[in-house]
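K.L.:
Starting from the known structure of chain A, fit chains B and C onto it as the hints suggest.
Residue-level listing of the chains:
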Amino acid sequence: MDYLTLLQVLDSTLRMSTPLLLACLAGLFSERAGIFDIGLEGKMLVAAFLSGAVAFVSGSVWIGLLAGIGGSLAMSGIHGLASITFRGNQLISGVAINFLAAGLTVLAAQSWFAQGGRTPSLTGAARFNAIELPFATALKDVPVIGPLYYELISGHTILVYVALAVVPLSWWVLFRTRFGLRLRAVGENPAAVDTAGISVVRLRFTAVAICGVLTGIAGAYMATGLQAGFIKDMTAGRGYIALAALIFAKWRPWHALTACLLFGFLQALALRPDVIESTLHIKVQVQLLDALPYILTVIILAGFVGRAIPPRAGGEPYVKER
Amino acid sequence: MEKMPKWADVLLVPLISLLLAGVLSALVILAIGESPGKALWIMIDGAMGSKYNWGYTLYYATNFIFTGLAVAVAFHARMFNIGGEGQAMLGGLGVALACTYIPWPHWSLAILGAGVASAAFGALWAVIPAWLQAKRGSHIVITTIMFNFIASALLNYLLVEVLKPKGSMEPATGKFPEATHLPNFHDMLAPLGISFSRGAPANVSFIIALLACVFVWLLIWRSRLGYEMRAFGHSEPAARYAGINPTKMIVISMTISGALAGMMALNNVMGEAERLVLNATEGAGFIGIAVALMGRNHPLGVVLAAILFGALYQGGAILAQDTDIPVQLVLVIQALVILFTGALDNMVRMPVEKFFLARRLGAAKAKKEA
Amino acid sequence: MTAPAIELRGISKAFGPVQANKDISLSVMPGTIHGIIGENGAGKSTLMSILYGFYKADSGVILINGKPTQIPDSQAAIRAGIGMVFQHFKLVENFTILENIVLGAEEGSLLRPSLAKARTELKRLSEEYELHVDPDALIEEIGVGMQQRVEILKALYRHADILILDEPTGVLTPAEADHLFRILANLRREGKTIILITHKLREIMDITETVSVMRRGQMTATVRTADTSPQELAELMVGRKVLLQVEKTAARPGAPVLEVENLRVVDEAGVERVKGVSFNVRAGEILGIAGVAGNGQSELLEVLGGMQHATGLLKVNGQSLDLSGLHSDGRTRRAHGVAHVPEDRQREGLIMEYSAWENAVFGYHHEQKYQKNMFLMDQAAIRADAEAKIERFDIRPPNANLSAKNFSGGNQQKIVVAREIERNPDLLLVGQPTRGVDIGAIEFIHKQIIALRDQGKAILLVSVELDEILSLSDRIAVMFDGRIMGERLPHETSPQELGLLMAGVVGKGEAA
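Sequences listed follow chains A, B and C, in order. Per this note's numbering, the first sequence starts with residue 164, numbered consecutively. Per this note's numbering, the second sequence starts with residue 8, numbered consecutively. Per this note's numbering, the third sequence starts with residue 609, numbered consecutively.
Isolated chain A (complex conformation) (with noise of 0.2 Å):
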């Protein structure tokens, strides 16, 4: 494999690890908190629509974005309201929001453009279009870093820089403020927060909420910069591997950008076959490169290769005892 396919390989990366990065620092606020979400696929395809059709018919994508992000804070109000409010099943209603995004998208898309369950084609400020970094044509012809920053580091949409600067973000609100000290405690210990004086629904609603606009973003990124527009079903189980990067991760911000690099990596691979002939010499299956998140992922939840412990009150609603 050549440099130059390298760094295709690596800038194809980059941008399949976007969703998954965004969700699965979605899913570590919320899993911090102790709600677990299996429904980040739903929430990123009620965003994903939403910003496309919104993008289209405004033909801003700001505006698009928001609307995205609206959409995904309505799916993480129903998950609050069920795990939180009314203390029920986590998993059971993350499954219910899948479904429910899954339905409602296709409805909605029919019913407002009438094309098979899909969004008009974005183009022109509908999209987020890739930025060029200052310098990069200047810089591409100088040997070994010129054409790994013009083709890697530059060029991408604003959402890539985004999801990358999250990355920091989230571990320094995690570790470094009283709401993350907060956000980590009640995601450990409920009792121990609310016998502070703090609201343990106020916290997990925030966690919620803080999840459900990253999703937007993911959600939005997938119809409005790495596609451009809605399809049905367009995050194909993004929201699943979301969550095995974050088990992969062990729940920490900067793991989770390995994880969702590695995985991003692997989908990257499974788009260009050929290069993996070429290099390794041998075939191999496209299937093997899309299952092997979540085979990777069983191995790390069974404990073979270190062992992900999830936070201790994660999934348990919270009753106050007598």
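Subject to a maximum C-alpha distance of 30 Å in a straight line, what follows is the list of computed DSS-like cross-link-like pairs (lysine-lysine):
| hint | chain 1 | residue 1 | chain 2 | residue 2 |
| --- | --- | --- | --- | --- |
| 1 | B | K361 | C | K664 |
| 2 | B | K182 | B | K171 |
| 3 | B | K142 | C | K883 |
| 4 | B | K375 | C | K1013 |
If you anchor each label on the Cβ, the simulated ranges turn out as follows:
| hint | chain 1 | residue 1 | chain 2 | residue 2 | range |
| --- | --- | --- | --- | --- | --- |
| 5 | B | K374 | C | T828 | 22 to 30 Å |
| 6 | B | L18 | A | Y324 | 54 to 62 Å |
| 7 | A | F338 | C | G618 | 47 to 55 Å |
| 8 | C | E1095 | A | F338 | 48 to 56 Å |
| 9 | B | A33 | C | G618 | 45 to 53 Å |
| 10 | C | G884 | A | A399 | 57 to 65 Å |
| 11 | C | E701 | A | G466 | 18 to 26 Å |
| 12 | B | I51 | A | I445 | 51 to 59 Å |
| 13 | B | E289 | A | G466 | 28 to 36 Å |
| 14 | A | A237 | B | L285 | 28 to 36 Å |
In case anyone wonders, no lab produced these hints; they're calculated from the structure. Being a predicted model, the structure only gives us computed values, none of them experimental. Think of the CB as a built atom: it goes at the ideal place given N, C-alpha and C, for glycine as much as any other residue.
P.N.:
For chains B and C alone, coordinates are given in the frame of chain A:
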């Protein structure tokens, strides 16, 4: 003290949940500019208006009985088996291998052989997550989700690279031999002098599904194994106290669950398609969750809920045919049913409990005063 | 005259039809320690939850330093200067002590300055009140005594003037408890007001100025500690003369039924809980195991009952039993004539959702007589069995179809005891047989245990209630830190001597 009468728990609460789901679905239909009344009528007619339609409704219901029972059995041991989809896919593989490579003389033998194969393959796909949960502490929900995707990739590979007949472009096995074709309701009812639609896919595996219900009922409420499974589901320390082996309970309950999910393939793969195609399960594994929740994990409830969902799927398909409402409406209704009967159960339950408590307190007070 | 630090007037609280607190009035002067004593379920915890803002009282007024104060939530309680040390600590296990103390009382939205300030303040507080802790230690790595200090520091850090402690000594050794009392005395000297909730009379007598007694949701008396006696308090607690002495004849022990040698138990976290104990129990005698909760007795009982694995030697009727392999489970133990009344009936002894008849065979449900065939159980046989037990043990209400959760604590325990004793076992393991059980049922259960002994069966009794151990046992072994500190005969020992052993203080001539 019971918070409310048993009938309220078993009937009233699910009915209110269903009603809420129905009202919201109607609003969704209104929102996309269609008439809910008309849509409901088309769906009812489409699901039950003719023998042909009934044949489809019961065909879907058969799938959902299997997957619903699978979820219900696991629930009793407090295992949330979200992997019915993958287990049913593997079950389909089992059926395909049994039907393709063994020369069955008659369908009655073939269904036994394929039944065992589907159950074994489905069980295998459930037993690995179960073992990992019991021995390594990996969360069964996450592992079964992962196994759904792994199953999907595996079947994709096998159908594209291995099982596809030479020269075929379609990722599917070849047609199963004639001798393995199952009698449908038309074939079964004709000797009794009852005519049934020839083209409808409901087949003899519906009877197997009902037998599975009887088996599950006996298992859960009449057998020693069921007694132990439920005990384990209610309290793990108590199970250990009584000498019930937790690992055994997790593995056995998931094995039975996976086997039931796998046996769904008797209906959709062997009974209907008569070959294995890609995505043959069409989400039926997930619908099992809704069916089990709705049916309160009881076989009778599962049958009723499965028929309801069967009607929903068939009615939804007809609706999509006759109107501009996409078939995904069914997903929305399904989601709302899961939401209200599952995650938002307390929202419905708490006011009902309060109502009955207030009534009883009132009655007690009146008695005191009298 | 100074106003009381805390005053309650006419507090009532009902949960549905259950009146948990009824017209309660209480007044505690500043700089004193006030005890609240009562049986389980008397309403002590509900009252304290109202004070800490967990529940809203249906009626009544709370006055803090003479001012009427609303306490709608914990935040308000903290603002009013109330600090609470719960029975089950409310700490985040994987946080440091410092982080736990700061949680909810941070200075600003950034963590670093808050932690720095807390570190200084913590140093001051630890020195002032002899509450030494390592601020950077993780909670999961320190012992319960230390964790309790963290809880007290949490309250002090929040400037609490009124400190409520709910059953603080339940998990402490006598030595740790003494240290706690020294701390409380220090706090009193500094002018803090302390409310101590307990059911241990000795603690009340030792440290409080005044004491209130609660019974069935009501405050039955408030007296000066100096003017009362333990006997009087006990009477007030239960409402009638207590029969602490159980009538029984001298034991006539026979051959050893249970022999234990060098038994060791390591828990999931890798901590050794039982550190090589050896003892035996003979036919026709009751061996009582005394000790503060958490010193390995529970693990010992669970191992003997087959719920946990261990190493060492275990013999029943001279036959060696598997301690760590496939046959180390409750079923095999039962097959060898071991019956087990577990410490926690609600978590272990019963399936709360199961009906009484289903529970009546729990653990024996696999026996041949309850089976119809290889697959199905014989429900008629089980029901008949259950109904006979209900009648013989006078379990009320006598309805086998009722779920276990619908029986009172005493009747739940009777279901368990009936099931285990009716087996006519060679060895009965009993853990906390009368925890949360009403007086009437206590007498009944004690009599049943002695009757079984008189039939020549061996009984191992584990209880944290020293009175129960002293009145039932024919021989007493004391456990501390996973070891048996010594054996005593009940008529040759005293609560004081046992207390020393329970604290790990060994007399001469005995090895640790």
